[in-house]
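Protein sequences, first through last, are from chains F and S.
For our numbering, count along the first sequence from 1 and bump the result up by 277.
For our numbering, count along the second sequence from 1 and bump the result up by 91.
Simulated from the structure, these hints should not be mistaken for laboratory data.
Don't take every hint at face value.
Stated by the list, open to error - Taking lysine to any residue and the SDA-like style, the derived pairs with C-alpha atoms no more than 25 Å apart in a straight line are:
#1 F:K582 - S:N118
#2 S:K158 - F:K804
#3 F:K582 - S:S153
#4 F:K641 - S:C202
#5 F:K575 - S:N178
#6 F:K799 - S:G209
#7 F:K641 - S:S176
#8 S:K167 - F:S766
#9 F:K943 - F:Y904
#10 F:K747 - S:T177
#11 F:K799 - F:R929
#12 F:K799 - S:S176
#13 F:K804 - S:T136
#14 F:K995 - S:P208
#15 F:K1214 - F:H1142
#16 S:K133 - F:Q621
#17 F:K614 - S:T136
#18 F:K1137 - F:I1238
#19 F:K524 - F:Q496
#20 F:K614 - S:N118
#21 S:K167 - F:T622
#22 F:K575 - F:E535
#23 S:K158 - F:S766
#24 S:K158 - F:K995
#25 F:K575 - S:P204
#26 F:K582 - S:P208
#27 S:K158 - F:E1349
#28 F:K720 - S:S104
#29 F:K799 - S:S111
#30 S:K158 - F:N438
#31 F:K1214 - F:H1125
#32 S:K101 - F:Y904
#33 F:K575 - S:I117
#34 F:K799 - S:P208
Claimed, not checked - Facing chain S, a subset of chain F residues (Cβ under 8 Å, in silico):
#35 Q621
#36 T622
#37 Q623
#38 R726
#39 T727
Ideal Cβ placement from N, Cα and C applies to all residues, glycine included.
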Amino acid sequence: MQNVIPDQHAFPPELCAKPLSLVGISGLDTRNNATHKSIWDVFGNTKTDVSGLNYKLIDNAYEFPVVKPKRNSYEWYIPKGILKKNWMEKHLNKIPAVMVIFYDLDWNDPQWNEKMIECASRVQSIRVALEGRNTKLSVVLIQNHSVNPGDDDSHQTERVNALCTSCELNPNSLFVLPHGDHLQGYATRLAGAFNDLAQNYYHTEIRNVKSHREHLQKQTHQYLFVRHQFKMGFLSELKQDLHGAHKHYTHAYNNLLEIRIVDTNAMEIRTVAGFINYKLCRLMFSLNLPRDAISQFKAHTERFKTRYGFQELSFEHHAWMALQNQVFGDIFDEAVKLGLPAVQTQHPGLYYQQAVHHATLRKKACEDLCKGSNVYPLPDPLEGIATMDFYGQRPWRPGKMTSDPPDPQVEWNGIKALQFLENQVNHSIIIITLYGLAVAQFKTYRCPRTRRFLVVQMADEYYNSGDYGKALTLFSHMLWDYRSECWWSLLSHILYKALQCAFLTARIDDYVIFTLELLGSKSTLPKSQKLQIFENLNSVFRKQCPEAIVILPEIKKSRVLWKNLLGEAPQTYKLEMNNIVSCLDCKVRFQEEKYQVDGLVIIEILVRNSSDFQITLLGISISLENYVKNTEICVETTTNQDFCFAAGQVKRFIIEYKPNPADINKELEISSVHLYLGHMQNPLFDLQFNGLGNDIKSIPMELVHFRNCESIDFDNIKALLKCSVVPRHSKLAMHFEHAKPALVGEWYKIRINLADSRDYQVNNLIFEISLQDDDVSDTTEFKQMSLDNELEKLPIKVSLGDISPSDQCVTVLYMRAFTTGERNLQVNVSFNLHNDDLIPSSMEEFIHVSVVKPFDFSTKILTTHFEELIKHYVDETFVIMPIINCLSPWPLVIENTELDYHDNVHNEDVSISSQLIGCEVSNGETASEIYMANTSKVSDSPILIGNYTIHWKRANGESTITKIPINGLIVDFIPLDLSVSLPAYGLVRTPLLVEYQLKNKSHHLIQLDVSVEGSEAFMFAGHKQFQTTILPGDRRKLKYNLYPLIAGSVSLPRLVLSVPENSTDGPSLRQEHLNSLLHRSLPTHIYVMPQMKGQPELTNVIKRCEMINLN
Amino acid sequence: MAICVAIIGKDNSPKYFACSNPDDEINLQYKVLSSLDVIEEKLNTANKVTDFRELFLGTLYSLESHKIYGYVTNTKIKFIIVVDSTNTALRDNEIRSMFRKIHSIYADNICNPFHIPGEPITSKSFHDKATSIMFGTV
């Protein structure tokens, strides 16, 4: 016997519906009349939230609820319950606040009178049907012709009046709906009018209810206080007056609390309290008072938390508590969706969580109380539960006042029936649903850990309900996070449950993984349990069904599953061990980061068994990945004992791998490590590790050293999963012979020697030489082997071919740099070593050469007296003095120098030959020579004298030519030329002849005052002062006999030339020109030797006669 | 007295856990772990504004059965105390002073050269001191 009863704990739909003013609509034939249909569609589709109206189509057959007779006195009235079940429904959906009668009638309808009467009769019939109600009536005329306002106004007014009178209608309640374009707009306006009428109606109703209050007495009518306030609240809601509703509901709630609770009415009060609380909280959220709502709810649950009612029915209490929390969570969530901000510490999830808590208590209570209730009592004590008058009353005791003593037998039957029904409920589904709601909320409010906890609890519930598959899935999803935060005891707790799930669902791979993790050192399982699961693991390996850890009825089923599974053909299970802190751990590393291709790559595998038991592996292998393929390499052992790990033991295995020449410059990577467990014929478990070790959050390396360590320090070994293969590093010795630094411009010789201690022939030896910096490549030239060869382009490849072991190998490279600075040469040597195979090898070396200047070069331009010259003068001889200042650390040999004169500059030497040939200069020394030249042309800018070429080399070096241009000075012209002929030395008291020669180079006459100043060292004969005139192109000689008086370097008598004051000649010859001419042309001193013994020979003395002639 | 004292490292892994009733330990661990959500949120949002010298975070969770308090050191070590909701003797001030005591014995403990930073605390004397703080006998 299964009575279909509504879940008595759920809220009735009329309570949860949003109360809207009910507007009845009649006169619309929606089925046959298209116009009516469109009108109804417009009204019916209006958003109820906006209008606050609920339209209901009422046809002629509709029966309104019967009006109860009015009660004049409450004196003898004893209420049988608090809230009537039908009341809310009645006001929500049955009694309209406004009754609207639609009628097709145009103002100028030809059959106006007849139609008016029909309309009136319709109104009348509805009025009769609503006899005793305060429902407002309203008439809407559907008109096809829109009326112009000015059109026959009086006629219209008259008809309005007539219609109102015949319908007995207030003209305010008569509306016109022109059926045309703007139906929606008219409908909205009509809705506003209906709303006013509805408000009016509900207002009257509230006042009606209020008027009952004065008749009530505190003692007997406690229920009515609640009922009336509730009704007022509900009507206010219908009226859309939320504040009023809040006030009345609050009163109702407070009145309810005043009622004494006894066993018989506990259920009813609790139910009604729940209803009112629901209404209150919902209203407060709508009124944007979330804090008030929360505190109201908290006070509510606090108050009713301990009101269990019948002990035998305590599950009802828990169900109610769960419902309260769940519903509060719902309305909170609804408010959040409408924009209420919630925070991490106050959000709907908390209430769902609380609901879960109570649902769990309900389940427990049910398990305790309803164990034996397998029989439904007869007669059915719950008969008529659906038709009860009041909310929250017992069907076997309807309408009884608390004072009546209950019949124990009936009570007992009722309880039995409820317990029976409770036993049918699937609590797990309820709990899991609530968990689902809570989990979603906690996820939204950033509580990942709380969410995880809830999921674990949810999985627990699945487990309890026997859905082990789902429980297993949830558990295994949660494991990772607990593992990553190192909550080992929680992890072990979950794993242990998951292990049971895996057992019950015969998931062999999960079963083995969980077991391996539980056996690990981090697991907090007691040793006895570890032993048990270890033995179970071994049974699986032996193809036997493992023993159950917990006795459950499903064991038999799972035994069958295991049997089938293990009976199948042998299978290999691949188990991904990367994120698992299992009892078998493994680290793998290349011993070096780089391996040469001819050597062996050595891979070290460390395997640790951190369990308390001995574990034997079947094999160990690694997957080695190079750029193309994956190779699996197994560890080879001599005995089986090598793979046997005692408790806590670490073992090291070595794999040697010979790299392929194709692997050169590629990476080798260990993609996974495989440990094989199980039996060869039986299920084989391939445990795949990534080889990094499973210390997920290992403490820093430096600190690990403080730990106690085993013989092999597993923790401190850093895994290395990648290595690169490089070409064999050459054992050749490369020597560079060169004398640093290089000098600018020279061919710098670099000798590259390959000396070798090798045993094999070398094939295809290639040097490749390149400059490291590109920016100096323009100023650097290379030649190889000999200077007669062509210039080489970079990179220079020198192929030396095959060389047998005994050969010496030399190559010479010449480099010439035109600027100073560093030159870094890279020399790559590659060759194939002719061993058993051809092994490509290479080596790389660098040559650093700094380039410096070999010498500094400067020039001096001098007068014939070796004084600095400022200007050249046309046809005046000057001296060029190139100076070479050696800067090179190596001595330089100057092989030759040449000076090639430019045009306009003429050699004055008898023969040109270098004075520096074969000269060797060391660092800091200077070499210089002189050349005499003159120039024939005036120039305002400095002239180019010529190019100076130096042929130089370092001792045993290559000869180098450096060309340097020599720049002169500006060239000026003066018309006068002065020269002097003077013997190299004089002798005391021996006359010597000085001959000054003045030459006019111009085409003008030159007049000069000539005088000779006296000198203490000389007596002289000749003109002391006179004026002279020199014709163009003519010369004038002045001769003097000097008679030296003292020996030594004595100053000569000074010749003074000056332009006469009355000179007719122009400014072409000025005094300063004359002075500078005198200064540069005439010596100021002469050496005078002591008197010779005997009679000196006077060759160059002016003869007496000539002197006379002059005069 | 409190019913549980826990120390959580900066990586959110448990460093020390003690509770008065060993049967309830798993459940309390779940609760303490859940309360880390609140601590994390508080540290992420509030810390910039509030005084960083204030290490006490106040109530993290106030459940029907338990109240959970938190305290975070400058190095992000979290101390958590769980108190029975019915216990009204312990106010914020008492809790605060308990936290200070725990902080000081924690600091003493990690000064021990034999303690490896980041490893769970296994020192017996620390345990004795911590439990006496928990039971309020200090």
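Quick rundown of the hints versus the structure:
1. F:K582 - S:N118: Given pair K582 (chain F), N118 (chain S) holds - Cα atoms ~23 Å apart, limit 25 Å.
2. S:K158 - F:K804: violated (34 Å)
3. F:K582 - S:S153: Since the Cα atoms of K582 (chain F) and S153 (chain S) sit roughly 17 Å apart, the hinted pair holds (cutoff 25 Å).
4. F:K641 - S:C202: The hint is violated at about 49 Å.
5. F:K575 - S:N178: holds (19 Å)
6. F:K799 - S:G209: holds (15 Å)
7. F:K641 - S:S176: holds (23 Å)
8. S:K167 - F:S766: holds (22 Å)
9. F:K943 - F:Y904: Holds, because 7 Å separates the two Cα atoms, which is no more than 25 Å.
10. F:K747 - S:T177: It is violated: about 37 Å lies between the C-alpha atoms, which goes past 25 Å.
11. F:K799 - F:R929: Between K799 (chain F) and R929 (chain F) the Cα gap is close to 22 Å, so the pair holds against 25 Å.
12. F:K799 - S:S176: violated (33 Å)
13. F:K804 - S:T136: The hint is violated at about 44 Å.
14. F:K995 - S:P208: holds (20 Å)
15. F:K1214 - F:H1142: Answer holds: K1214 (chain F) to H1142 (chain F) is near 22 Å, not above 25 Å.
16. S:K133 - F:Q621: holds (10 Å)
17. F:K614 - S:T136: Within the cut-off at roughly 23 Å; holds.
18. F:K1137 - F:I1238: holds (21 Å)
19. F:K524 - F:Q496: holds (23 Å)
20. F:K614 - S:N118: violated (33 Å)
21. S:K167 - F:T622: Given pair K167 (chain S), T622 (chain F) holds - Cα atoms ~21 Å apart, limit 25 Å.
22. F:K575 - F:E535: Given that 25 Å is the threshold and the Cα spacing comes to 19 Å, the pair holds.
23. S:K158 - F:S766: Since the Cα atoms of K158 (chain S) and S766 (chain F) sit roughly 22 Å apart, the hinted pair holds (cutoff 25 Å).
24. S:K158 - F:K995: violated (44 Å)
25. F:K575 - S:P204: Status violated; Cα separation ~51 Å.
26. F:K582 - S:P208: Judged against 25 Å, a Cα distance of about 47 Å means the pair is violated.
27. S:K158 - F:E1349: violated (114 Å)
28. F:K720 - S:S104: Satisfied, since the Cα-Cα distance of roughly 21 Å is no more than 25 Å.
29. F:K799 - S:S111: Measuring from Cα to Cα gives roughly 23 Å; hence the hint holds.
30. S:K158 - F:N438: violated (74 Å)
31. F:K1214 - F:H1125: Violated: K1214 (chain F) and H1125 (chain F) sit about 51 Å apart, past 25 Å.
32. S:K101 - F:Y904: violated (41 Å)
33. F:K575 - S:I117: This hinted pair is violated, its Cα atoms lying about 28 Å apart.
34. F:K799 - S:P208: Measuring from Cα to Cα gives roughly 18 Å; hence the hint holds.
35. Q621: Given a least distance of 5 Å, the restraint on Q621 (chain F) holds.
36. T622: With a closest approach of 7 Å, the T622 (chain F) hint holds.
37. Q623: At 11 Å from the nearest chain S Cβ, Q623 (chain F) fails the 8 Å test, so the hint is violated.
38. R726: holds (5 Å)
39. T727: For T727 (chain F), the interface hint holds, since the closest Cβ of chain S sits about 4 Å away, which is under 8 Å.
The structure shown violates the earlier hints numbered 2, 4, 10, 12, 13, 20, 24, 25, 26, 27, 30, 31, 32, 33, 37.
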